[in-house]
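Between the sequences and the hints, there should be enough to build the whole structure, so can you do that?
From first to last, the protein sequence lines stand for chains A and B.
Here the first sequence is numbered in this note's numbering, starting from 1 and rising by one per residue.
Here the second sequence is numbered in this note's numbering, starting from 1 and rising by one per residue.
Calculated from the structure, these hints are not laboratory results.
Glycine included, C-beta positions come from ideal geometry on N, C-alpha and C.
Heads up, some of the hints might be wrong.
[Said to hold, decoys possible] Example chain A residues on the side facing chain B (calculated, C-beta under 7 Å, incomplete):
{"#": "1", "residue": "A50"}
{"#": "2", "residue": "F105"}
{"#": "3", "residue": "D107"}
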Amino acid sequence: NAGVTQTPKFQVLKTGQSMTLQCAQDMNHNSMYWYRQDPGMGLRLIYYSASEGTTDKGEVPNGYNVSRLNKREFSLRLESAAPSQTSVYFCASSGWADSNQPQHFGDGTRLSIL
Amino acid sequence: GQSLEQPSEVTAVEGAIVQINCTYQTSGFYGLSWYQQHDGGAPTFLSYNALDGLEETGRFSSFLSRSDSYGYLLLQELQMKDSASYFCAVQKKAGTALIFGKGTTLSVSS
Numbered sequence: 001n002a003g004v005t006q007t008p009k010f011q012v013l014k015t016g017q018s019m020t021l022q023c024a025q026d027m028n029h030n031s032m033y034w035y036r037q038d039p040g041m042g043l044r045l046i047y048y049s050a051s052e053g054t055t056d057k058g059e060v061p062n063g064y065n066v067s068r069l070n071k072r073e074f075s076l077r078l079e080s081a082a083p084s085q086t087s088v089y090f091c092a093s094s095g096w097a098d099s100n101q102p103q104h105f106g107d108g109t110r111l112s113i114l
Numbered sequence: 001g002q003s004l005e006q007p008s009e010v011t012a013v014e015g016a017i018v019q020i021n022c023t024y025q026t027s028g029f030y031g032l033s034w035y036q037q038h039d040g041g042a043p044t045f046l047s048y049n050a051l052d053g054l055e056e057t058g059r060f061s062s063f064l065s066r067s068d069s070y071g072y073l074l075l076q077e078l079q080m081k082d083s084a085s086y087f088c089a090v091q092k093k094a095g096t097a098l099i100f101g102k103g104t105t106l107s108v109s110s
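Here it is in structure tokens:
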């Protein structure tokens, strides 16, 4: 089982470039999430989609947009990348947005903005 | 505001027992979860508490006291492979996303 698949795994961008991070899950989950992880900061929620057709802002949404393309796919877009967006990005999914539903994470995208 | 506090680092030796505490201050509480992350890889779910008390899953147990806004993860019979980062996470209400703590790095030595 693939679980949660993120592409690309690594990316280097120049300031001002745009980029879409892709995420797909094959577990028929309803809820999907995007997090960023910086050293010493833990996981911070960027956006989430509790169910297909809905998206909500998390703790750090500025500079990002998301699209829940269908039940399987949830993409994260950086319209004009900034060095402050250098981070590791994790996508996750869960059956529903309840904490008794474990979140399953992808392997992450390491993104560097120069 | 909202905050989750957990120690940044904990060290222990193989075979020992270690407790990682998590205190939270959030505007609402629905459940407390724990996740493990090895070397910056994909975090994995360990346990979940919605009600007061202890939940046991093999060598790992998790405890919650809602009145104290406090929980802990207890790891027994530590092994080298338990060296990882451990995150507590709070869900404030059903249907919303988790809020993660900054994580505790556990180092297990022989």
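Quick rundown of the hints versus the structure:
About 6 Å separates the beta-carbon of A:A50 from the nearest beta-carbon of chain B, less than 7 Å, and the hint is met. A cut of 7 Å between beta carbons decides the hint on A:F105: the least distance to chain B is about 4 Å, and the hint holds. Taking 7 Å as the C-beta cut-off, the interface hint given for A:D107 holds, the closest approach to chain B being about 5 Å.
The structure meets every hint from the earlier list without exception.
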